[in-house]
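Take the sequences, apply the hints, and build the full model.
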Amino acid sequence: KNDSFCKRGDGRLFRAAVWPGESGFPDFLNAATRSWWGEYYSRLLRIGIAGFWNDMNEPAIFYTPESLRELRLMFAELEDRGIETEFLFGRIMSKKKYYDYGTDFTQRDDTGTVHQHRKVRNIYGFNMARASYEGIRRYDPGRRPFNITRSSYPGIQRYAILWTGDNDSQWEHLLSEIRLVQSISMAGVSFTGCDVGGFGGDCSGELLVRWTQLGVFLPFFRNHSAIGTRRQEPWAFDEEIEGLVKKAIELRYSLLPYLYTIHKQSVDGETTMIRPLSIVWPQDRETYYADDQFMLGSAIMAAPVYQRNSEGRHVYLPEGEWLDLNSKSVIDGGHIWVNAPLDTIPHFQRRDTLLPTTASTQYTDGGSWGDLHFTGFVEERAEFDLYEDDGFSYAYKNGEYSIKKLVVTNTHDGIKIEVRPQRGTFKCNERVLSFEIYNESGLHEARISDSASGCEILVE
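In terms of our numbering, the sequence shown opens at residue 1 and continues consecutively.
Source of the hints: derived by calculation from the structure; they are not laboratory data. Remember, it's a predicted structure, so these values are computed and weren't measured experimentally. In this text, a Cβ means the ideal position worked out from N, Cα and C, and glycines have one as well. Take the hints with a grain of salt, since some may be wrong.
As the list claims (entries may be wrong) - Result set (SDA-like, lysine to any residue): computed pairs, CA atoms no more than 25 angstroms apart in a straight line:
(1) Lys264 x Ser254
(2) Lys246 x Thr111
(3) Lys328 x Glu379
(4) Lys119 x Ala17
(5) Lys405 x Leu296
(6) Lys264 x Gly391
(7) Lys427 x Val338
(8) Lys119 x Glu58
(9) Lys264 x Ala395
(10) Lys7 x Lys119
(11) Lys328 x Val459
(12) Lys416 x Ser298
Stated by the list, open to error - Using C-beta positions, here's what the derived DEER-type ranges look like:
(13) Asn326 x Ala446: 21 to 27 angstroms
(14) Leu78 x Phe392: 28 to 34 angstroms
(15) Gly82 x Thr111: 52 to 58 angstroms
(16) Ala395 x Thr111: 36 to 42 angstroms
Here it is, written out as structure tokens:
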């Protein structure tokens, strides 16, 4: 329709085999094609579909009919010479397709200029995700889109969540994902994640637990695997594994107030959610080698375990003292060994920060959080700008949001806790704010009723 598909050099439709069989490829380089693609979201949205997944959009190609015929002739000739060809097919095809498809696969831009696909290939997935996003926004303008993509290009954060693609259920891939999400973050893409448990291959119970423990600290978190592999639902394993996965997921849900706030900060361009240590402490050369741990926002240091049968791991903590969020003990920074049996996720809180959490729930439905708990090791002063809105609409752009600045100061007279007056018109729930603050003299606790007007107390 409307000449919307990619062509061969001679003007014929470019066809190739992918999962559905012989397929055509929309020419997303062209604005008219992107608009046409977006029209299909109207019917999907009408029947209640709320999230969309742009997959295989590098684009992935298995083979073309022409290349398959050519290979069959080549293999027939080789077999006539007594050469076994079965093991050659995948190797030759994987090399041949990128060479051939790039030269006889064209796209057309808005001026009508024809480009070889290989010259614009890197933005194919980007433009598909863009077309999907624009279609969703056109037909459901009041709701924020949920749009995810496998292929991307710089700037993709404007249109879609990015996941890291098909991985395998291997310990080496678990470590690779820790590094990969940091690399993607440094490219400016904040909302990213991976296939927890691994996509290909069979996942063991131990690997699923450790991978889920990583997922707790990723912006995009979900278990995903391929057809034909071992089932990866937590209940597909024994009760111990199911319980440990459940424990990790409950930690994730408790962190949602923190995650939502730092996500909004990333949307506003302040910083990304995941931060490599070398970005936060560039003057500390030790951080250049600590690529198996990362900061989540400004408060949490995540150091997942990624080796089989491990009872702990080495962790590097820069710059002074930290709060171990498992033992609630204050520890000195530097190179340390952390005991981490299978039920333990090494994670730490930076000094002079506040970490909001809430009770774990079975679901999220947007809106204001319930009772909130703030933790911190405060040597001087810590603050946090808690952000809330309705969770789904664009009303926040018209002032329907809540930002509350919480400030905790370590004074000679005790711990001063301030809840500044709310900014924004969003109505928050009636709730209790509890505080668990550590300093050189020990633990200080407090509970106050939240209000839009704010309050101030001193805890001795």
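Unmet hints by their number, sorted upward, for this structure: Numbers 2, 7, 14, in rising order.
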